[in-house]
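Enquirer: Chain by chain, the residues run as shown.
Protein chains: 2
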Amino acid sequence: MDAWQWSAAEASARMAQGVLSSEVYVRSCLERIAHREGDVQAWAHLDAEAAIAQARARDREPRRSPLHGIPVGLKDVIRTRDLPTTFNSPVYENGDAASPLVFPPNEDAHCAAVLRALGAVILGKTQTLEFACGGRFPPTRNPWDLGRTPGGSSSGSGAAVADGMVPLALGTQTGGSTIRPAAFCGAFGMKPTWGRLPFDGIKSFAPHLDTVGLYGRSVEDLRLLWQAWGLSEPDEDARPVGPARALRLGVCRTPFWDQAEAAAQQAFEGALSRLSAAGVVLVPCELGQEHAAVNTWQDEIMQDGGRSAFRPEMLAAPALLHEEFQRKLGNHLGLTPARMRAALDAVARCRMGFEHRLEGLDGVLTPSAPGVAPLGLHTQGLAVFNRLWTALQVPCVSLPVLWSPEGLPLGLQLVGARYEDGRLLDVAARVATLFDPPRHPWN
Amino acid sequence: MDAWQWSAAEASARMAQGVLSSEVYVRSCLERIAHREGDVQAWAHLDAEAAIAQARARDREPRRSPLHGIPVGLKDVIRTRDLPTTFNSPVYENGDAASPLVFPPNEDAHCAAVLRALGAVILGKTQTLEFACGGRFPPTRNPWDLGRTPGGSSSGSGAAVADGMVPLALGTQTGGSTIRPAAFCGAFGMKPTWGRLPFDGIKSFAPHLDTVGLYGRSVEDLRLLWQAWGLSEPDEDARPVGPARALRLGVCRTPFWDQAEAAAQQAFEGALSRLSAAGVVLVPCELGQEHAAVNTWQDEIMQDGGRSAFRPEMLAAPALLHEEFQRKLGNHLGLTPARMRAALDAVARCRMGFEHRLEGLDGVLTPSAPGVAPLGLHTQGLAVFNRLWTALQVPCVSLPVLWSPEGLPLGLQLVGARYEDGRLLDVAARVATLFDPPRHPWN
Numbered sequence: 001m002d003a004w005q006w007s008a009a010e011a012s013a014r015m016a017q018g019v020l021s022s023e024v025y026v027r028s029c030l031e032r033i034a035h036r037e038g039d040v041q042a043w044a045h046l047d048a049e050a051a052i053a054q055a056r057a058r059d060r061e062p063r064r065s066p067l068h069g070i071p072v073g074l075k076d077v078i079r080t081r082d083l084p085t086t087f088n089s090p091v092y093e094n095g096d097a098a099s100p101l102v103f104p105p106n107e108d109a110h111c112a113a114v115l116r117a118l119g120a121v122i123l124g125k126t127q128t129l130e131f132a133c134g135g136r137f138p139p140t141r142n143p144w145d146l147g148r149t150p151g152g153s154s155s156g157s158g159a160a161v162a163d164g165m166v167p168l169a170l171g172t173q174t175g176g177s178t179i180r181p182a183a184f185c186g187a188f189g190m191k192p193t194w195g196r197l198p199f200d201g202i203k204s205f206a207p208h209l210d211t212v213g214l215y216g217r218s219v220e221d222l223r224l225l226w227q228a229w230g231l232s233e234p235d236e237d238a239r240p241v242g243p244a245r246a247l248r249l250g251v252c253r254t255p256f257w258d259q260a261e262a263a264a265q266q267a268f269e270g271a272l273s274r275l276s277a278a279g280v281v282l283v284p285c286e287l288g289q290e291h292a293a294v295n296t297w298q299d300e301i302m303q304d305g306g307r308s309a310f311r312p313e314m315l316a317a318p319a320l321l322h323e324e325f326q327r328k329l330g331n332h333l334g335l336t337p338a339r340m341r342a343a344l345d346a347v348a349r350c351r352m353g354f355e356h357r358l359e360g361l362d363g364v365l366t367p368s369a370p371g372v373a374p375l376g377l378h379t380q381g382l383a384v385f386n387r388l389w390t391a392l393q394v395p396c397v398s399l400p401v402l403w404s405p406e407g408l409p410l411g412l413q414l415v416g417a418r419y420e421d422g423r424l425l426d427v428a429a430r431v432a433t434l435f436d437p438p439r440h441p442w443n
Numbered sequence: 001m002d003a004w005q006w007s008a009a010e011a012s013a014r015m016a017q018g019v020l021s022s023e024v025y026v027r028s029c030l031e032r033i034a035h036r037e038g039d040v041q042a043w044a045h046l047d048a049e050a051a052i053a054q055a056r057a058r059d060r061e062p063r064r065s066p067l068h069g070i071p072v073g074l075k076d077v078i079r080t081r082d083l084p085t086t087f088n089s090p091v092y093e094n095g096d097a098a099s100p101l102v103f104p105p106n107e108d109a110h111c112a113a114v115l116r117a118l119g120a121v122i123l124g125k126t127q128t129l130e131f132a133c134g135g136r137f138p139p140t141r142n143p144w145d146l147g148r149t150p151g152g153s154s155s156g157s158g159a160a161v162a163d164g165m166v167p168l169a170l171g172t173q174t175g176g177s178t179i180r181p182a183a184f185c186g187a188f189g190m191k192p193t194w195g196r197l198p199f200d201g202i203k204s205f206a207p208h209l210d211t212v213g214l215y216g217r218s219v220e221d222l223r224l225l226w227q228a229w230g231l232s233e234p235d236e237d238a239r240p241v242g243p244a245r246a247l248r249l250g251v252c253r254t255p256f257w258d259q260a261e262a263a264a265q266q267a268f269e270g271a272l273s274r275l276s277a278a279g280v281v282l283v284p285c286e287l288g289q290e291h292a293a294v295n296t297w298q299d300e301i302m303q304d305g306g307r308s309a310f311r312p313e314m315l316a317a318p319a320l321l322h323e324e325f326q327r328k329l330g331n332h333l334g335l336t337p338a339r340m341r342a343a344l345d346a347v348a349r350c351r352m353g354f355e356h357r358l359e360g361l362d363g364v365l366t367p368s369a370p371g372v373a374p375l376g377l378h379t380q381g382l383a384v385f386n387r388l389w390t391a392l393q394v395p396c397v398s399l400p401v402l403w404s405p406e407g408l409p410l411g412l413q414l415v416g417a418r419y420e421d422g423r424l425l426d427v428a429a430r431v432a433t434l435f436d437p438p439r440h441p442w443n
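Sequences listed follow chains A and B, in order. Per my numbering, numbering through the first sequence is continuous, rising by one, with the last residue being 443. Per my numbering, numbering through the second sequence is continuous, rising by one, with the last residue being 443.
Honestly, the hints are just simulated from the structure, not real lab data. No incorrect hints appear here.
With beta-carbon atoms standing in for the labels, derived distance ranges:
id : chain 1 : residue 1 : chain 2 : residue 2 : range
1  : A       : 293       : B       : 290       : 26 to 32 Å
2  : A       : 288       : B       : 319       : 51 to 57 Å
3  : B       : 93        : A       : 49        : 28 to 34 Å
Now the stretches of chain B that chain A is said to cover, found in silico as 3 or more residues with beta-carbon under 8 Å:
id : segment
4  : 101-107
5  : 113-127
6  : 221-232
7  : 298-312
8  : 334-341
9  : 406-419
Think of the CB as a built atom: it goes at the ideal place given N, C-alpha and C, for glycine as much as any other residue.
Okay, chain A solo, but in the shape it has when bound:
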């Protein structure tokens, strides 16, 4: 087994035992990248020598944390002090130093600074849909089938983790941009509670929705990343998660169930049967019928963010800004104050109703995506099973434990109550034990 095949948690344990160095692990990941990048095209910026230098420096130091020496990929909307940040936008890549918007890298985003301070090796920047929003697609391909999208907008992070190029990565989610690539690529993904991981230093799109997302190759990997922010909850200990067979989980097919492909519906129902057979108590937990418009409200809230998010680029370099952003800046939906208030308040009521139904449950099961990754690279697939949860600001974890008949990944999504991110990871770890071990594109 090559080092790159280890999850972050496995590699971290070996490093703690002194039987694996960061340099060996990072070099192995770089070899995997060299072997696969021509096909997968997950990376926007990569500096192999600089990554090896970081690894060597970490190997010379005492361990700072369980992330010490572990390589991480960062979506290229997250600023880094040592690598360019170009958002997959021509505005930032044209090398025109006279533009006030082309800047040499000199500062880490909040999340990058936290990971770096804990000893993580910033391996490189991963491909993204332009501004994590629209416009230009990345060249990234799905590691399971190069003719399919990896999903977006955190395309490179999802594909790189699933393909063994890097064990951990960060993305973002405003609609479905973290969970969708996790589902399509077969990675473990997490969208935490909105607002808990600061968005400083990341290009924003819609402030009510923008969330830092986490990728790993196991629930333990997600926990490694989550714990970097030190946000353990005082009452997590008081309400420990029991064994898998004692879980009580809600089931939410959502108002969008009809949009799921038959294979996805069958896989989801199969998961319910498997969990039920293992002793998990399953409880219906649907959003009320009055909330069938939640994805519409989410879209209005998201598009409203686009009315100001891209204004600096519009003023500084209009010719380089894709017309899709220009439309958003022009308020193409004709959003009014009354409509915005109605959308935000409807979502707030929906959130209260959902969490009320969650009381006494350990989480809610729902599809991660409506099917397998679609064919083609100029699509991201649908986010109908993500946008509602992003609007509700609740934490979500996607487990790569379901598969289509042709062997493509289908995620199983677990959703929890706001601020119970740590507990949701505990629940996800229990649920994962009831399924077969994850498959990998290299097996």
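Given chain A's structure and the hints, the job is docking chain B onto it.
Expert: Showing chain B alone in chain A's frame:
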């Protein structure tokens, strides 16, 4: 009359007529600063030559916008590509280039980029409470009485605009950090609807609350700044604001009225009499009694943000981080998931109730602050009349039209419904006409 005495709107009109150059205006502001800065200490970073160079460059160009050539001060939590950004924190000022958190300026925050692209002259960075949050106080003094606080945390922005050093400035508000200095210093201030002006490039504290704030020397000045983001509302035209005598305004003394000093209460009641005599219809518009805890909820939401906001500084330079931030990082309130959900949902219900009462009204009158600026520089004064509105995410404008018996400024605050920022400025302009013209410390 010296040029520095003109408001931004007056100066902009003169520049449009070709009778005032940016260089003359900026030099005049710099002279005012040279005269007063020893006393007021509003500035953290100022580069007079660079500001004059910007002004000259603007004078050579066609006008890009009404802000063309107008100098603006930016609170020193807002990143700038040409001046340091140090947050009044020892972590960022020690010149230790080996620290990953000390970075040369190379990028504008979103708001700075927008203003610069529209031709504004970035005059300098204004003093702030450490991280706009706690810890170290700035040296800034109240221009009306150097023994008093200017209020915080946007201390330098409020004081500089009120004192004639610069006509426009940006601040931030998470509790009362924009409206409070406006009230204490006698500036016009605005806290827009949460989320409409992107926070990219500004140090965040609490994501549900952090808002870019605006300062000017008239309502027209605030409008100049607000319009920079291009967020006019499609239905503002459909519901135009009538003349002052036809306004219908709510009156909200808030659950915190008892905390207002007698002089502030009397000034507020006097304002109501004046408005009523002018024909304005006044309607009681209190928060329900069930919302008396709104400031407590706001504090919990704010302190929760501090649990992660300062983690990079804590990891990189713990010895330089004030113990107040370390307490926040340690969850000193013992906030639990259930308590956070309860606070957020209570605020959401309060917001819906308040805006329901606002229907048919042009805005709500409420005090800007509980009294005049307190004596001493190691206080910011109370934000009891600000924190609730920040939590509700509604737009607020403070008008410097009320005065204490000893001649110190007392603000009158106007609050509107979310997303009606432009309309609230129209209402504020009408209300301002019913009071005497603003006074200035130099008269």
